[in-house]
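**Student:** Protein chains in written order, with my numbering: chain A, 125 to 334; chain B, 4 to 255.
Keep in mind that the hints were calculated from the coordinates and are not lab data.
In silico lysine-lysine, DSS-like type, Cα no more than 27 Å apart, as pairs: (1) Lys153/A / Lys212/B; (2) Lys314/A / Lys173/B; (3) Lys316/A / Lys212/B; (4) Lys173/B / Lys316/A; (5) Lys187/B / Lys173/B; (6) Lys187/B / Lys314/A; (7) Lys153/A / Lys316/A; (8) Lys187/B / Lys316/A; (9) Lys173/B / Lys313/A; (10) Lys313/A / Lys187/B.
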Amino acid sequence: MHISEGYLSASVLISGGALAAAGTAIGLKRLDYDQIAQAGILASAFFVASLVHVPIGPANVHLIMNGLLGLLLGWAAFPVILAALLLQAVFFQYGGITTLGVNTVIMAAPAVAVYFLFGRWIGRPGWVGMAAAFCGGAGAIVLAAIVMAASLFFTDEQFLSLAVTAVAIHVPILIIEGVITLFCVGFLKKVKPELLPHAFADKQTSRGVA
Amino acid sequence: MIEERFAEGQSVIHRTDPALRVVAATVFSFSAALIDSVAALLLALLFAVVLALAARLPVRPLCKRLAAAGSLLLLVWLVIPLTYAGEPLLSWGPLAASREGVRLCLVITLKTISILMTFTALVATMHLATLGHTLHRLGVPPKLVQLLLLAYRYSFVIAHEYQRLLRAAKMRNFRPTTRLHTYKTYAYLVGMLFVRASERARRVHLAMKCRGFNGRFHCLVSYAATPWNPVLGAAVLLVSAGLVAIHWLGWG
Chain A
125 MHISEGYLSA SVLISGGALA AAGTAIGLKR LDYDQIAQAG ILASAFFVAS
175 LVHVPIGPAN VHLIMNGLLG LLLGWAAFPV ILAALLLQAV FFQYGGITTL
225 GVNTVIMAAP AVAVYFLFGR WIGRPGWVGM AAAFCGGAGA IVLAAIVMAA
275 SLFFTDEQFL SLAVTAVAIH VPILIIEGVI TLFCVGFLKK VKPELLPHAF
325 ADKQTSRGVA
Chain B
4 MIEERFAEGQ SVIHRTDPAL RVVAATVFSF SAALIDSVAA LLLALLFAVV
54 LALAARLPVR PLCKRLAAAG SLLLLVWLVI PLTYAGEPLL SWGPLAASRE
104 GVRLCLVITL KTISILMTFT ALVATMHLAT LGHTLHRLGV PPKLVQLLLL
154 AYRYSFVIAH EYQRLLRAAK MRNFRPTTRL HTYKTYAYLV GMLFVRASER
204 ARRVHLAMKC RGFNGRFHCL VSYAATPWNP VLGAAVLLVS AGLVAIHWLG
254 WG
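Okay, chain A solo, but in the shape it has when bound (with noise of 0.2 Å):
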């Protein structure tokens, strides 16, 4: 999900550069020289969920998973979003130079805000804990879609219709983001629930370890 070059004035694309990289920033500071080889190769992972397409219907949509990505890892998410948009732009030139503030800021925040709202429930066992996990994917694309159609009405108030249809486009790809999302978190809750930083933490406190 993002906006190509040519479309964004000059003040979105500079508050979307200066959100950019106060996220890049501050994602940065939390991690470490040893987690920069996770943080490195989780993007590339990333990278590659980007291009896997999925069927729906008779077309089919490339998954973005964003909101996964942010359950994992907080406010990481931006600099490994951020690297992920530049291997996008030199391998199949999505986007260019401009707008990789913007598109930075329309992916990772959102990723940040399902951490926030949703990380804490995921560890849940049940529903409540698939409810979270669906919610956490499905969530960061409605959030996505809403930046992104903000940055688009914000450059100019007759962008509307273009900013609603964009909007439109994305409510099947939010189902199919919130029911993957909801299954690979079932799934590394089982396989590797270390990756996921809340609900490790409440199996850890459960066992009385940490």
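Following the hints, complete the assembly by docking chain B onto the known chain A.
**Tutor:** This is chain B only, laid out in the frame that chain A set:
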């Protein structure tokens, strides 16, 4: 799955200093993004074409890349002229395309094409490893550069891993359709991808420590000063200044 289509080459642009190219692309992109005069943008497009020719970009892949941006442009051309307020240019019954709307669409189209084409000619003509080292030279924080370089290095490995997982699923008769089972399978594939990425990261980190990694990747390629460095720098500065000047003087 992933390839660097434009990175290999012997053109003048490929041999120019990458730091200069990154700065030039940034300056040009922002100048073109911040103006909205049609005459200036036509000049920007012309310059982008010259750069693409100088970099000897293969035509077909370049068009394919530009076409990817085209789907959003198509949506813009369908929606904006009909909804943008202004004097009608054309009208069919209740529908009317406004002059301002059409002009805005034209501006957006010119900007998208010229900025993306310049980016392809100047930045996509280097390997991402080179870009990482260049960003380091330009003062980007070392942690971010390391993250980018590792993400680049392992994106090929992880893509390969994904293709293996998918092949294994297909061997077991997995056929993607619009069903919950398909989504569940893809969710597990992506989950497994993250698990393997994390396992590999642990091993890579240990291996790097064993080899005494001290937080710096060394770059073995050096770029000799060529006469093209100042030429490209001057050309980009001149054109960017020209774009802004045309915009402020209000021509077109």
